[in-house]
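Asker: Sequence order for the protein chains is U and S. Be aware that the first sequence starts at 62, since it is given in the working numbering, and climbs by one per residue. Be aware that the second sequence starts at 1214, since it is given in the working numbering, and climbs by one per residue.
Think of the hints as simulated: they come from the structure by calculation, not from any bench. In this text the structure is predicted, and so the values were computed from the model without any measurement. There may be inaccurate statements among the hints.
Simulated restraints, written as ranges between beta carbons of each label pair [said to hold, decoys possible]:
| no. | chain 1 | residue 1 | chain 2 | residue 2 | range |
| --- | --- | --- | --- | --- | --- |
| 1 | U | Leu181 | S | Lys1455 | 25 to 31 Å |
| 2 | S | Asn1500 | U | Arg154 | 52 to 58 Å |
| 3 | S | Leu1284 | U | Ile151 | 35 to 41 Å |
| 4 | U | Asn254 | S | Ala1305 | 54 to 60 Å |
| 5 | U | Gly170 | S | Gly1414 | 20 to 26 Å |
| 6 | S | Asn1349 | U | Ile173 | 19 to 25 Å |
By construction, the Cβ of each residue, glycine as well, lies at the ideal position given by its N, Cα and C atoms.
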Amino acid sequence: MFLQQIINGLTIGSVYALIALGYTMVYGILQLINFAHGEIYMIGAYMGIIAIGFFVYLGLADISLTLTLILTFIAAMIFTGAYGITLERIAYRPMRNAPRLSILISAIGMSIFLQNYVMLAQGAKDKIFPHDLKIQGGLTIADAHITYIQIMIMLISILMMAGLTYFVKKTKIGMAMRATSQDMRMAGLLGINTDRIIVITFFLGSILAGAAGVMISMYYGIVNFSMGYAAGIKAFTAAVLGGIGNIPGAMLGGILLGLIEALGAGYISSEYKDVFAFAILVIVLIFRPSGLLDERVSEKV
Amino acid sequence: MKAFYRFFIFSLALLFLISCAKKEDVIKIGTAGPFTGDQARIGNDMKNGVELAVSEWNTKGGVLGKKIVLLAEDDRHDPKEAVSVANKLVSAGVVGVIGHLNSNCTKPASRIYNEKGIPMITPASTNPEITQQGFNSVFRTCGRDDQQGAGLAKFVIETLKKKKVAVLHDKTTYGQGLSEEFKKAAGDKVQVMIYEGVTQGDQDFKPVLTKVKSTNPDVIFFGGMHTEGGLIIKQAKELGIKAPVIGGDGLYGSTLLEVAGPAAEGSYMAFFTPTAETETGRNFVKNYTAKYGEIETYAPYAYDAANILLEAIAQAKTTDGKKLIEAIRAMKYEGAVGTIEYDAKGDIKKAGYTIYTVKDKKFITYSKSK
């Protein structure tokens, strides 16, 4: 049972981590909590269903299911990324120098708008991910069951997180991102196009959330317009838990949150599943106000 | 210029006030339920049932010589929202309400309708407490959870002959209520291995199901709705749990089949009598499917509820709430689901239910009982 709970926790935790990265990257650069990020994740899930429907219509699924799924991921991520960029362009850039509270309100407004927009465009009913297009089956280790979808979620999450770490640490754009997050004005003076860096940050955060959305829609099999809210709050918690603004912190926070939820629900009571996550958050924030991994919040805020 | 604007705004307001004050010569009835969100499908199914009844009456020339207007309000299966839409319907001047769908919405809303003395007939809320509040304006066309829970307990003990049961519920008035009734009716004939709540709207039930698995039950009872039910059925299969999932009318809905997919095969759910084999029943099925497509769940119950309300208006020859309530209580109505007669509390006198199972992606009748 313990091993099974760890598997359950790691699966959902890696999804939280992917979404939390978007929160944390945007916060790192703009000191803005992008409350519409949960909705970006929800749009990712819809994009996945639309993309796979399109590829099936083209007859691609009959040729190769793996190829269809890979293309679905890519298509969904690109479109979700486009949503992220547009969001930044219309809701945050015009307010770059506005008081922070105004930008926050703009973020909440976008969140409400996107939810209702998807509800109107896609209908209020649950959308179902086609069963016969999902990866079937799984493995049994000891008495724990792990489905191939769970393995896929963990692998893709690890790959994406590794890719992001590499991108931020080793590439020139990554260096520019780090510079912008340390001091935007100085980075601008040194010739970094900070507007472009912000766009790239939003794009990266959104494609991660998009991938998370596609994976969740495969895992649970249903998608609805309100799914972004709860996931967004949880991922935001994960980002704060790890230390908001800190990329490894978001990954750690996400995985921890998933594990806490699974173990709390499994060993104590599932009635209070959400309580454990938030209780741990409160406890961590009492002793480490800047989160588990963050050291530099005090100088920033 | 400024004065002009003020005058303009005043004239706009005037226009609005005058349009409100105009006496409309129609009879308004209300319906409320979850028309958007994860339960939108059964919510709209209910609304369509009411709509069909209203449109049939209107083609016959309305009631009391007036046209009937249906006001539909979305409560999003949220009790707070239910109270606010109930107030909205009341202030819009409805003479009766068909709804709500979910017991946790019907219960707080029924208080508001009762205060105004407006009859409310719910086609789907099965929690026993709804008719035990001492409100004489509350009626329902469906059965109650204590009847359903007892039937399901009997089914587990006598038909399936299972002893070890894991009971999960969704912490709502309906889900938890049904689970309690099931547990009470089963008594010591079954062993309840685990009794736990899950959160409605959650999608990850693997942690609690892992715990359920470790207690090794023969059957999993779930008191809740079809979205969560479908996810529980699917995730239980993924965890290698072989025990079938069994539940009440909340699980009966095509969303469950879509969400759970092939995993749904062999699970059991109770639902009330489907449409009766009478002319009214057959006509209803024919007209409904022609207009809205397949019947989901509560449409016939909503259709009957609306007809009972409109018939009461026609018989009482008034829209006065008190007279309508009397008329409904005295009525013996031959509806799409059979004969409906009310007892003093507002429950139907005869409530049958059917146990369904899933086979080849369809609900099929497993056993009928009275």
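Asker: Which of the stated hints cannot be reconciled with the structure, identified by number in ascending sequence?
Answerer: Of the numbered hints, 1, 6 do not hold.
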